[in-house]
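Protein chains in written order, with UniProt numbering: chain A, 1 to 531; chain B, 1 to 531.
It is worth saying that the hints were derived from the structure and are not from the lab. Where hints are given, some of them may not hold.
Repeated chains share a single entry, so a pair holds when one copy, or any two copies, can fit it.
Pairs of lysine-lysine residues, derived as DSS-like cross-links and limited to a Cα-Cα distance of at most 30 Å, are as follows [what the hints assert, rightly or not]: (1) LYS482 - LYS170; (2) LYS414 - LYS497; (3) LYS513 - LYS126; (4) LYS510 - LYS114; (5) LYS60 - LYS114; (6) LYS516 - LYS110; (7) LYS516 - LYS126; (8) LYS126 - LYS510; (9) LYS61 - LYS516; (10) LYS469 - LYS513; (11) LYS110 - LYS510; (12) LYS114 - LYS482; (13) LYS126 - LYS110; (14) LYS510 - LYS325; (15) LYS482 - LYS110; (16) LYS516 - LYS497.
For reference, the chains in residue letters:
2 protein chains.
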Amino acid sequence: MLRNILLKSSGNHLKFSGRYLKSSALLGSYRSKVSYYSTKIQTKLTSENYPNVHRDSRFKKLTSDDLNYFRSILSEQEVLQSSELEDLSFYNEDWMRKYKGQSKLVLRPKTVEKVSLILNYCNDEKIAVVPQGGNTGLVGGSVPIFDELILSLANLNKIRNFDPVSGILKCDAGVILENANNYVMEQNYMFPLDLGAKGSCHVGGVVATNAGGLRLLRYGSLHGSVLGLEVVMPNGQIVNSMHSMRKDNTGYDLKQLFIGSEGTIGIITGVSILTVPKPKAFNVAYLAVESFEGVQNVFVRARQELSEILSAFEFMDSKSQILAKSQLKDATFPLEEEHPFYILIETSGSNKDHDDSKLETFLESVMEEGIVTDGVVAQDETELQNLWKWREMIPEASQAEGGVYKYDVSLPLKDLYSLVEATNARLSEAGLTGDSPKPVVGAIGYGHVGDGNLHLNVAVREYNKDVEKTLEPFVYEFVSSKHGSVSAEHGLGFQKKNYIGYSKSPQEIKMIKDLKAHYDPNAILNPYKYV
Amino acid sequence: MLRNILLKSSGNHLKFSGRYLKSSALLGSYRSKVSYYSTKIQTKLTSENYPNVHRDSRFKKLTSDDLNYFRSILSEQEVLQSSELEDLSFYNEDWMRKYKGQSKLVLRPKTVEKVSLILNYCNDEKIAVVPQGGNTGLVGGSVPIFDELILSLANLNKIRNFDPVSGILKCDAGVILENANNYVMEQNYMFPLDLGAKGSCHVGGVVATNAGGLRLLRYGSLHGSVLGLEVVMPNGQIVNSMHSMRKDNTGYDLKQLFIGSEGTIGIITGVSILTVPKPKAFNVAYLAVESFEGVQNVFVRARQELSEILSAFEFMDSKSQILAKSQLKDATFPLEEEHPFYILIETSGSNKDHDDSKLETFLESVMEEGIVTDGVVAQDETELQNLWKWREMIPEASQAEGGVYKYDVSLPLKDLYSLVEATNARLSEAGLTGDSPKPVVGAIGYGHVGDGNLHLNVAVREYNKDVEKTLEPFVYEFVSSKHGSVSAEHGLGFQKKNYIGYSKSPQEIKMIKDLKAHYDPNAILNPYKYV
Ligand SMILES: Cc1cc2nc3c(=O)[nH]c(=O)nc-3n(C[C@H](O)[C@H](O)[C@H](O)COP(=O)(O)OP(=O)(O)OC[C@H]3O[C@@H](n4cnc5c(N)ncnc54)[C@H](O)[C@@H]3O)c2cc1C
Ligand SMILES: Cc1cc2nc3c(=O)[nH]c(=O)nc-3n(C[C@H](O)[C@H](O)[C@H](O)COP(=O)(O)OP(=O)(O)OC[C@H]3O[C@@H](n4cnc5c(N)ncnc54)[C@H](O)[C@@H]3O)c2cc1C
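Work out the full structure, taking the sequences as your base and the hints as a guide.
Written out as C-alpha cells, the structure is:
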C-alpha cells in the first residue's frame, strides 16, 4: 500500500521509498560500532594540562604495605599494578584521550564483599579512589587526575535475575549495557536506555552518570526506571537496596541520590531496573524543514499525533549534515536538495500497520501545511540504519578537521538554536572563522531536541586559546541566562566541576556539597571532580 | 464494524456492546465524586487512642507572643485560631476520620516568603509544624497528633506557567490536582497522575506523598515526571529548584528526596512537572478469569500486545465484586455469571480505530486460548464510567458492614493474591469469619496489579482487638518475607511509622534517619511520624 508512494502536496514532496520493516532487533546495535572521537591524539597528563589543580596532600601515597593488603584479599587477576604508566593507559586515559591520570594500581574485585574491604581500607588509610565502569564517560570523570587508585567494576559482571512477568532485571553493575539489553531482548523486553557507547559502557556506569541517550523521550529517565541499587559506601558498608517493586513509599528514596552521583558518594555494585516490552515495529523518517520554528512546530505536532509511538525526535542543522557528508563518502544524501534543518523521527510500537498509518497521516498533514518541505521514510532495516547514520556520524565528523569543542546543554526549545547562531556570530566577529588558516571551521547544532537537549559542536582546525576564550564562559553564560543546564546528560566530572554555578544556585550547590561531606567525610571518592 | 459483535471462540463469549467512544475528557472526573470512606464515625483523639505516644516536651507550647508574631506577618484570612477544637476539626481530623489532633492554630500563608518567615520562627522557637495539603492522605500524616501548628498550603494556589511546546507546568503547591489537570487538558495535555481524591488533594500533596494512582502503569512515577521543586527548609531557607529541563546532570538530584518525604524535611511550595499529551481515545474492557494465574497471564499478554496503549490494568476478586454489588444497587453486573477474578483494562491512545483493533485482536486471542472466559467492552462514556465503578466502589463497599482494615502493599506478581488467601485462611482458623455475630465479613483483594500493588481490605462488623492481632504483624511479616513493601503508595505517616522495618533494612532506616537529622536538626517538621 505504501510502497514507493510519492506524495505531492502544496509543492512539497515526500519520498516513501517503502515502509515495511521487519521487527528490528538490530536497531541501534550498529551504533556501538561508530567511533565518534579521534584516538590518534597523543594525550598529555592532566596534571600538566591543568597546572592549577594540585594533588591533595591529605591523600596517602600507596605503600608496599597497602599493596600487600590488597594482594592478601584479592586474587592475582584482580590486581593490576605497574610502575610503567603505559601498562595501565587503558585505565588512566579517558575515551576521548583528553584526560590522563597517573595511577599505578587498578583493582578489579570479583565480589561485592571485596569492594567493601577495599573501600573500608582506603577510607581508614585516606587513599583516594576513582570508580571506573566502561570508561566511556565524556567529562573526564572515570580516570584519575593524579595517583588515585582505580577501582574497576569490570569483573562484577553477572546477570543476577530476570523476571519475565514484571520485566524487572537485576544485575551486577559491571554488566555491559549491550549484554544486558541482548539478554532481556531474548525474553521480549528491551533495556529502557540506549546509547552509542552501549558496547563498552556498564549498567552501573550509566546509572552513575544518569545517562540519557536515545530512548529517554519515550521511556523517561533512569530516575523513573531504576527500582533498586546495591551500593558500597565510602566506609565499606554494603547497602543492599536491590528492591524490585514499582511502588514503595516507605521512607526517602535514597537510591535517587546515587543516580547521577558520578562515583562521588558510593560505589554502585548492583542495579535493579524495570525494562520495557520490546517494540515489534520501527519506522524512521528523515525530513527537511526551512526554519527552527518549523522544527518546533513539527515536534509539537509529532508529540500530539504520533504520541505513544514516538520514540526519537532528533534534529540536525545544515552544516552538521555537510560535515557528515564529508565522512559518509559512499552514502547518498537522503534528500535531493539541501535545507536549513533536518529532523529524524523514529516511531516504535506493537503494530506495524498502525504505526505506518499514523506516520503517513502525520507526514501528509505537515507536508500539506508546508511545515515539512521534503522527506523520506526508510523502507527496510538497511535504509533505517542508513538514515540514523546521518545523525550518528556528526560527532566524529565534527572533529575530522582537527578538533572540536563540545557542549552538551539543555535549553528551552524556543531558545535552543539561538545558541548556535549566537556562537557562530561571535566567532565570526572575532575573526576566527573561515578557510584555513583561520582556526574555526564552524559551529554546528544537533541533538535530542525532543528532550530540549542541544549538542553544540565547534569544529576547529586546532585547539587554540583565543577560540576557547571566545567560547567560554560565553556559552555557559548564554545557557545560564535561559535557565538551562550546562550538562544535560554527560555529567560534571572533571571538565565541568567549575561550571555547575551556571546551572545551580549557590544554595543548591551548598546542599550538594553538604551531602558529599555527609556520605564521604574523608572525601576519598573521585576527588577533584563533580563539586 | 465492531458495533454489537458477539465473539464466540472455544466456548467463551465476549460481548462487544459496541466500542465507539468519544474522546473522553471526562474520564476520571466522576471518580472525585466517589466517597470511599464512611464519615459517620465519631473520631477519638489520637492521643487517647494511642496512649503510648507522648507529646515531645522539646516542643514549645504556643504563647500569645507567638500568636502576635504570626499575626504581625500574616493577614487576618491567613490565620485561623480557636480554643474550640471543633472550629478547626476540618484541619485536625483526617479524611478517614481515624486520626484527630488538637491544634489550635492553622496558618494559611499566601506567599512563599510568608511560609519562610513562619518556618524560620518555628525553628528558632522549637514549635512543631504539620504541613497540610488537601488533607486526603490515608496514613494520618496530614493532621497533628497533639498541639502542632498546622501549616496549610491551600492559599498558595496559582498556576505559574505552562509551556505548550514542552508540556511543562509550573504551579504553586496548593493548586488542587483536578484544577491543574483541567488547566493543561484545555491545552491538549494531561497531568501524568490521576487518583480518586483529585477534587481535593493538592499538587504539592501528591508530590509530598509520591502518590501513585491510576496512570502510573503508563506514565511512571513522580520521580520521573517532576522536573523541579521550590522548597522551604525547616530553618526558613527558600530553595528554588523550579527547573524546567527534562535533562540536567549537574549534581545530585536533590528534589528526589522531597518526593515522598511526607512533609518531614521541607515544605514544598512550588512544583514543575512534565505533563503528557492528552490521549484522543479511551477504551475500557471488563473481563472474567478463572484463576489468579490467569490474571498474570492476561497481564503479560496485555503488556506485550496492547503495549504502548495500555493505561490501566486493575484486578478485582470475586468477593470484592459481590461487595460492590451490594452498594451499586441499581447497576446491572457487567457479566452474566460470577467468576473467581475480574480484570479491568483501560487503553488510551491517539487513534481510536487502531486502539479498537489492537484491543479486539488481543481479546480474541486470550479468549480463543481460554485464558479469559467472558468479557465486555464499553460502548460509550456512560458504559465506560459504569465499568470503572465496579472497581472504584470497592473501598466504600468494604466498610459498609461497619469497618475495614486496609493494607496497601507491593508484592511480586506471583505472590500477590496468596496474601489474600493466607489472610482468609488465618481469620477462619481463628474462628473470626462468618455470619453475624462473627466480627469478620471476609478479606478481599483488588488493586493496581499492573504495578504489583495489592489492596487487601478486611471487611469487619466492628473494630476488634482479636482481629487486629490476627492480622498484625501477620500481614507485614508476609509482605516482608516476599521482599515487598508495606506501603506501596499511601506512605508511612503516623499509621505505619513503626512498620518501615518490614520493608527497609536497619541500614536503610539509619540512612533515612540521618537525612532527617541532616535537614531538620530540631525535628520540628511533622513529628511522631514517618521514621
Ligand atoms: C560513543 C559514545 C556515545 C555516548 N552517547 C551518550 C548518550 O547518548 N547519552 C548520554 O547520556 N551519554 C552518552 N555518552 C556518555 C556516557 O556518560 C557514557 O557512555 C556512560 O554513561 C558511562 O558509562 P561507563 O560505564 O563507561 O562509565 P565510566 O565512563 O567508567 O564512568 C563514568 C562516571 O561514573 C562513575 N562510575 C562508573 N561506574 C560506577 C559505579 N559502578 N559506581 C559508582 N560510580 C561509577 C565514574 O567514576 C565516572 O565518574 C556517550 C559516550 C560515548 C563514548
Ligand atoms: C478517595 C481517595 C483516593 C485515593 N487514591 C489514591 C491512589 O490511587 N493512589 C495514591 O497513591 N494515593 C491515593 N490516595 C491517598 C493520597 O496519598 C492522597 O490523596 C494525596 O497524595 C495526598 O494529597 P493531599 O494534598 O491531600 O496531602 P495531605 O493529605 O494534606 O498530606 C499528605 C502528606 O504530605 C504532607 N504534605 C502535604 N502537602 C505538603 C507540602 N506542600 N509540602 C510538604 N509536605 C506536604 C503532609 O504533611 C502529609 O504528611 C487517595 C486518597 C483518597 C481520599
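These are the hints, each one checked on the structure:
Proximity of LYS482 to LYS170 under the C-alpha cut-off of 30 Å is restricted to the inter-copy arrangement: shortest distance 16 Å between copies versus 39 Å within a copy. For the homomeric pair LYS414 and LYS497, the shortest alpha-carbon distance inside one copy (28 Å) is at most 30 Å, but the shortest distance between copies (46 Å) is not. Both within a single protomer and between protomers do LYS513 and LYS126 lie at most 30 Å apart by alpha-carbon distance, with minima of 19 Å and 27 Å respectively. For the homomeric pair LYS510 and LYS114, the shortest alpha-carbon distance between copies (23 Å) is at most 30 Å, but the shortest distance inside one copy (33 Å) is not.
With identical chains, the CA atoms of LYS60 and LYS114 are at most 30 Å apart within one copy only, with a shortest distance of 21 Å there and 50 Å across copies. With identical chains, the CA atoms of LYS516 and LYS110 are at most 30 Å apart within one copy only, with a shortest distance of 27 Å there and 35 Å across copies. For the homomeric pair LYS516 and LYS126, the shortest alpha-carbon distances inside one copy (16 Å) and between copies (28 Å) are both at most 30 Å. Proximity of LYS126 and LYS510 under a CA criterion of 30 Å is satisfied in both settings, with 24 Å inside one chain copy and 24 Å between copies.
In the homo-oligomer, the alpha carbons of LYS61 and LYS516 lie at most 30 Å apart inside one protomer (23 Å), although the nearest pairing across protomers, at 37 Å, exceeds that limit. In the homo-oligomer, the alpha carbons of LYS469 and LYS513 lie at most 30 Å apart inside one protomer (28 Å), although the nearest pairing across protomers, at 47 Å, exceeds that limit. In this assembly of identical chains, the alpha carbons of LYS110 and LYS510 lie at most 30 Å apart only when taken from different copies (28 Å versus 36 Å within one copy). Only between protomers do LYS114 and LYS482 lie at most 30 Å apart by alpha-carbon distance; the minimum there is 28 Å, versus 46 Å within a single protomer.
Within a single copy, LYS126 and LYS110 get their C-alpha atoms as close as 23 Å, which meets the 30 Å cut-off; across copies the closest is 50 Å, which misses it. When the C-alpha separation of LYS510 and LYS325 is checked against a cutoff of 30 Å, the pair qualifies neither within a copy, at 46 Å, nor between copies, at 57 Å. When the C-alpha separation of LYS482 and LYS110 is checked against a cutoff of 30 Å, the pair qualifies only between copies, where the shortest distance is 28 Å, while the shortest distance within a copy is 46 Å. In this homomeric assembly, LYS516 and LYS497 come within 30 Å of each other (Cα to Cα) both inside a single copy, at 14 Å, and across copies, at 28 Å.
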